[in-house]
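S.K.: As a plain string of letters, each chain reads:
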Amino acid sequence: MVAMPARLRMLDRKLLRDLWAMRAQAVAIAAVMAAGVTMFVAYFSNFDSLQRARAAYYDEARFADVFATLKRAPSRIEARLAAVPGVHAVDTRVVADVTLDVPGMSDPAAGHLISMPERERPRLNDIYLRRGRWLDAARPDEVLASELFCESHGLNPGDRLGAIINGRRRELTIVGIVLSPEYVYAIAPGELFPDAKRYGVFWMNRRSLASAFDMEGGFNDVSLELASGTSSPDVIATVDRLLEPYGGGGAVPRSLQISAWTLDNELTQLQTFGLLVPAIFLGVAAFVLHIALTRALALQRSQIAALKALGYSNAAIAWHYVKWALIIAGVAAVSGVAIGAWVGSIFIGIYNAFFRFPTLAYHLSLGLVLLSIAGTLVVAALGAQSAVRRAVRVPPAEAMRPEPPARYRRSIVESRWRPLRLSFATRMIVRTLERQPMKAFASTIGIAFAVAVLFVGLAFMDVMNVLIEEQFNRTMRQDATLTFAEPRSGRALHDVAHLPGVLEVEPMRTVPARIRAGTRSRTLAITGLTAMPRLMRVIDRTHGPVAMPPDGLVLSQMLGQVLGVAEGDTLRVEVLEGRRPVHDVPVAAMVDDALGLQAYMRLEALHRLLREGDTVSGTALTMDFAERDRFYAAVKAMPAIAGVAMRDTALQNFRDTMAEHMNLSIFINVIFAAIIAFGVVYNSARVSLSERSRELASLRVLGFTRAEISLILLGEIAILTILALPLGVAIGYQMGRLIMAQFTNEVYRLSFVVKPATIAWAWLTVIAATIVSSLLVRRRLDRLDLVAVLKTPE
Amino acid sequence: MTSTAPLETSESVVDTSRVFTARGITKVYEMGEVRVEALRGVDFDLAPGELVVLLGPSGSGKSTLLNILGGLDVPTAGEVIYAGQNLTTADEAVLTTYRRRHIGFVFQFYNLIPSLTARENVALVTELVDRPMPPEDALALVGLGQRLDHFPAQLSGGEQQRVAIARAIAKQPAVLLCDEPTGALDITTGVVVLEALERVNRELGTATVIITHNAAIAGMADRVVRLADGRVAGVETPSGKVGARELQW
Numbered sequence: 042m043v044a045m046p047a048r049l050r051m052l053d054r055k056l057l058r059d060l061w062a063m064r065a066q067a068v069a070i071a072a073v074m075a076a077g078v079t080m081f082v083a084y085f086s087n088f089d090s091l092q093r094a095r096a097a098y099y100d101e102a103r104f105a106d107v108f109a110t111l112k113r114a115p116s117r118i119e120a121r122l123a124a125v126p127g128v129h130a131v132d133t134r135v136v137a138d139v140t141l142d143v144p145g146m147s148d149p150a151a152g153h154l155i156s157m158p159e160r161e162r163p164r165l166n167d168i169y170l171r172r173g174r175w176l177d178a179a180r181p182d183e184v185l186a187s188e189l190f191c192e193s194h195g196l197n198p199g200d201r202l203g204a205i206i207n208g209r210r211r212e213l214t215i216v217g218i219v220l221s222p223e224y225v226y227a228i229a230p231g232e233l234f235p236d237a238k239r240y241g242v243f244w245m246n247r248r249s250l251a252s253a254f255d256m257e258g259g260f261n262d263v264s265l266e267l268a269s270g271t272s273s274p275d276v277i278a279t280v281d282r283l284l285e286p287y288g289g290g291g292a293v294p295r296s297l298q299i300s301a302w303t304l305d306n307e308l309t310q311l312q313t314f315g316l317l318v319p320a321i322f323l324g325v326a327a328f329v330l331h332i333a334l335t336r337a338l339a340l341q342r343s344q345i346a347a348l349k350a351l352g353y354s355n356a357a358i359a360w361h362y363v364k365w366a367l368i369i370a371g372v373a374a375v376s377g378v379a380i381g382a383w384v385g386s387i388f389i390g391i392y393n394a395f396f397r398f399p400t401l402a403y404h405l406s407l408g409l410v411l412l413s414i415a416g417t418l419v420v421a422a423l424g425a426q427s428a429v430r431r432a433v434r435v436p437p438a439e440a441m442r443p444e445p446p447a448r449y450r451r452s453i454v455e456s457r458w459r460p461l462r463l464s465f466a467t468r469m470i471v472r473t474l475e476r477q478p479m480k481a482f483a484s485t486i487g488i489a490f491a492v493a494v495l496f497v498g499l500a501f502m503d504v505m506n507v508l509i510e511e512q513f514n515r516t517m518r519q520d521a522t523l524t525f526a527e528p529r530s531g532r533a534l535h536d537v538a539h540l541p542g543v544l545e546v547e548p549m550r551t552v553p554a555r556i557r558a559g560t561r562s563r564t565l566a567i568t569g570l571t572a573m574p575r576l577m578r579v580i581d582r583t584h585g586p587v588a589m590p591p592d593g594l595v596l597s598q599m600l601g602q603v604l605g606v607a608e609g610d611t612l613r614v615e616v617l618e619g620r621r622p623v624h625d626v627p628v629a630a631m632v633d634d635a636l637g638l639q640a641y642m643r644l645e646a647l648h649r650l651l652r653e654g655d656t657v658s659g660t661a662l663t664m665d666f667a668e669r670d671r672f673y674a675a676v677k678a679m680p681a682i683a684g685v686a687m688r689d690t691a692l693q694n695f696r697d698t699m700a701e702h703m704n705l706s707i708f709i710n711v712i713f714a715a716i717i718a719f720g721v722v723y724n725s726a727r728v729s730l731s732e733r734s735r736e737l738a739s740l741r742v743l744g745f746t747r748a749e750i751s752l753i754l755l756g757e758i759a760i761l762t763i764l765a766l767p768l769g770v771a772i773g774y775q776m777g778r779l780i781m782a783q784f785t786n787e788v789y790r791l792s793f794v795v796k797p798a799t800i801a802w803a804w805l806t807v808i809a810a811t812i813v814s815s816l817l818v819r820r821r822l823d824r825l826d827l828v829a830v831l832k833t834p835e
Numbered sequence: 666m667t668s669t670a671p672l673e674t675s676e677s678v679v680d681t682s683r684v685f686t687a688r689g690i691t692k693v694y695e696m697g698e699v700r701v702e703a704l705r706g707v708d709f710d711l712a713p714g715e716l717v718v719l720l721g722p723s724g725s726g727k728s729t730l731l732n733i734l735g736g737l738d739v740p741t742a743g744e745v746i747y748a749g750q751n752l753t754t755a756d757e758a759v760l761t762t763y764r765r766r767h768i769g770f771v772f773q774f775y776n777l778i779p780s781l782t783a784r785e786n787v788a789l790v791t792e793l794v795d796r797p798m799p800p801e802d803a804l805a806l807v808g809l810g811q812r813l814d815h816f817p818a819q820l821s822g823g824e825q826q827r828v829a830i831a832r833a834i835a836k837q838p839a840v841l842l843c844d845e846p847t848g849a850l851d852i853t854t855g856v857v858v859l860e861a862l863e864r865v866n867r868e869l870g871t872a873t874v875i876i877t878h879n880a881a882i883a884g885m886a887d888r889v890v891r892l893a894d895g896r897v898a899g900v901e902t903p904s905g906k907v908g909a910r911e912l913q914w
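Going line by line, the protein sequences match chains A and B.
In short: position in the first sequence from 1, add 41, done, that's the working numbering.
In short: position in the second sequence from 1, add 665, done, that's the working numbering.
The set of hints was computed from the structure by calculation and includes no laboratory data.
Fair warning: there could be bad hints in the mix.
[Unchecked claim] Calculated pairs, SDA-like style, for lysine to any residue (alpha carbon to alpha carbon, straight line, at most 25 Å): (1) A/Lys364 - B/Thr791; (2) A/Lys480 - B/Glu698; (3) A/Lys364 - B/Leu793; (4) A/Lys677 - A/Asp138; (5) A/Lys364 - B/Glu792; (6) A/Lys796 - A/Leu317; (7) A/Lys364 - B/Thr762; (8) A/Lys364 - B/Arg765; (9) B/Lys906 - B/Ile852; (10) A/Lys677 - A/Arg532; (11) A/Lys112 - A/Val623.
Using the sequences and the hints, build the whole thing.
M.R.: Below you can see the structure in the form of structure tokens.
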């Protein structure tokens, strides 16, 4: 029994003792609610922390608003850019992509070099020095290196690495480890997943970088800061016109800068996830609370009547029972916030692995804590209110009388199948279920929700596997993708085919372009492929491999949505390379693909568009892995090759970073879903026991064995569970599709594909929860004090 | 609070010689397919300080009448006047106040709150009113001064019923309504419970209505009202009122 403080009102004492008496049930309900609160707090505190870190960093580092790359422009253009209306500040740079030779790694890595002004810090996109020192203007081979790259190789200030710069190998010395707002999320161009080991960003003295790439007195990259209230599309249009003669690659606003865009997508995803999953959990909790309280109140019928007779008002009694729910919810909210803060701080650690800020501190705001607690209390009160209202509304005189014996009748099963001759216990079970179909239905729904949340939690593993299967087995069938530094004649393919270990090659031609549909536009790469690619395939999630039509573009359905176009519409394609032709090109087909925003064309059609001959910019290839090291060595020695992307490392990266993160949240989802499943099932079983204890005790007195009465009670639970299993999968399927619909964005389109094994696991878990709950209840049933149960009136 | 204080603050002409005046009480229950006429035009009066036994077989309508007098139920027809106030037209809030300030209930099955001790069950009521009797005094009055901190499950039936009586009288009600208070008890225990009721009636002057199907209890009444089949079958005033201890059954 609970020890009571002296000055506690009697109804509150009753409240605490009643709760203590049903503590197992209360804990089960609280656990369900706490699971919801934990998810909410974990996701939202991460959202909040990332958003704060981002806002502070962008602001502090003067992260630019518009970015553009070009071939080469003379320095005087900088003044003209600064004069564009709405432009507040301009920073020009020299940038270059190089192949790196990192000590201890046989395959080549890609390096992105960015110029640093001598004797001052960059005007925009300032970098943050984590360790080491700034560059010495007198030493041309010093670089500052991005933190993630250095971490993944264990590089420290003072370490050296080789780089193929404009065809010549140079030794660079790392003097400082830095962060940049442009590379919070560092991903190599054209890659789908970040690879900290194979993509590094470096800052180098402008003079030495410019001289290496013949950029003295010019620049090939520009960042703009806009005055507040300036429309970026207008500025972008002007900047593009200005830079066009200099090989401008099309300016992009900050929202489409790759790092900022990925971070935005991640934040949006966190936000939707942080709302949707907890909403489902809390909804289930409210429902369970409602059922539990309705049944508990039915057992308190005569006590409610006595309180009324003593002069307690309906409002006082209702408040008393609502407090049951509020206390349970309060405990749930507080523990949910505590666990959520803990889980959230673990999540933040994982974000740190691929989003880099100078400081990414875990922040749990008071507002979020209060919102979680208030939200939980409101949900609990909603769950409780109808149950309480119904119980309190019963006229006292009626409640004083024992409930009239429930009106049973022969069940439909019995009258339909008369020759069936059901056993006595089965008859009792069937009649009970049929007498109160709504009650049975409510219990079934409760258990079905348990199946559903578990099913959805587990299904995410399938979803990730399907994504991996689609991307790494069906789409990318090549072992490696080579990219040339410059587009080359198709004959280059023969050279690649003769590299050590190469078995099969397939040409690829990618060209940067801006695609316009009316006012909407995107700057991206159009990939030219053979008519029916064998290695680098285009896969539609429902229809499989897609052939390249002789003419026109094949777009990701998502890109079609972004641009607001459909099959048959015409797009304006502005090529941002070479002679920069502009053409109207029809959309020949849309493909429902899984990743990114893609635009493809038949190789020959792309050549026609570019008015060029047989040209390739890269190749997909398969290889004999026994020759791997010789292959790498050869590739590193060829200046014409800008980079090589291996499928197995990409897959490894995906598993390491994205999948690690996803798997943790999936794991937590599954744990909480299991808690819900157990909480719901245990509650149903306990409620049935308290409702039936008198009846069951009477049967025991009449000579029934424990096994026989257990059969009656547990048989009922078993039937409800069996009904709930398929229903739960149906509900879960809808929930999963709802979540998936929210999950769809420009980065991912996940397919809600569920393997039969997942359904089996969800079912087995709920069946296990049912068995454990039944055993716990069975133990109580065995200890049923027959005399006490029968002596007390109902 | 022992006298018939008005229900509402408004002053009205009150017939101080009557606690209750009930006229033509009729109660019909519709229970699904069955229609039960529990009361068919019952008249009933109760004087201050009076101890009345309502006698009748089960199903005669005693409990229904008691519930209506206590404001737990409303009649289908007829009226009940308490201290100048018509209970039959009162709403739920007024009836709650009425029960809270003026009525003490004792039920056949005690209806104690199982999660509260004897003292706490009494305190449950004393918290509701302005000038209650201390719970300990109320329990001492029914002879349970030594069992204050026991839970209902730790008390015998007779003890539980005496806690219920202490709970009913602790708020110093004008009327004590007892529904088969000894119905679930054996003779010896029943007598102890009746003694407690008798003592409360005598020492506090609380008007008391006891309903029972046990004719022997009638001996301790100032007046006996017999109910049969929902009607008053007779009213008698026993010549020699005896103490509860001398009752025989």
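S.K.: Taking the numbered hints from earlier one at a time, note which ones the structure violates and give those numbers from smallest to largest.
M.R.: none
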